[in-house]
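Colleague: Sequence:
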Amino acid sequence: MFTTFHEELVGKLKSMIATLNQEKAVVEQENDDAMDELNKSVGAEQGARSRIS
1 MFTTFHEELV GKLKSMIATL NQEKAVVEQE NDDAMDELNK SVGAEQGARS RIS
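Mapping of the sequence shown onto UniProt numbering: residues 1 to 53, in sequence order.
Be aware that a few hints might be false.
With a Cα cut of at most 20 Å, we get these calculated SDA-like pairs of lysine to any residue [what the hints assert, rightly or not]:
id, residue 1, residue 2
1, 14, 2
2, 14, 24
3, 24, 34
4, 40, 23
5, 14, 3
6, 24, 36
By construction, these hints were calculated from the structure, which means they are not laboratory data.
Model the full assembly from the supplied sequences, consistent with the hints where possible.
Modeller: This is the structure:
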């Protein structure tokens with residue numbers, strides 16, 4: 001009985017960890033995309049400033 005409970009608990013924890021790892025990957029990708037957009041914006045602004053001056 002204890003072994004079955006333990007196995008179920010381990011299975012649930014592994015499933016939760018897998019889900020969290022997937023969510024982490026999505027958030028990291030979104031963060032990378034946001035940083036790319038920010039860098040493009042900063043680059044465009046700096047380019048515009050250099051053309052003005």
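Colleague: Hint by hint, say whether it matches the structure.
Modeller: Verification of the hints:
1. Between residue 14 and residue 2, the direct Cα distance comes to roughly 18 Å. Compliance with the 20 Å bound is thereby established for this hinted pair.
2. Between residue 14 and residue 24, the direct Cα distance comes to roughly 15 Å. Compliance with the 20 Å bound is thereby established for this hinted pair.
3. Only pairs whose Cα atoms come within 20 Å are accepted, and residue 24 paired with residue 34 is accepted, the gap being roughly 15 Å.
4. For the hint linking residue 40 to residue 23, the alpha-carbon distance of about 26 Å lies beyond 20 Å, and the restraint is violated.
5. The suggested pairing of residue 14 with residue 3 holds, with an alpha-carbon distance near 16 Å, which does not exceed 20 Å.
6. Distance restraint check for residue 24 and residue 36: the Cα-Cα separation of roughly 18 Å lies within the 20 Å cut-off, and the hinted pair is therefore satisfied.
The structure fails hint 4 only (numbered hints given earlier).
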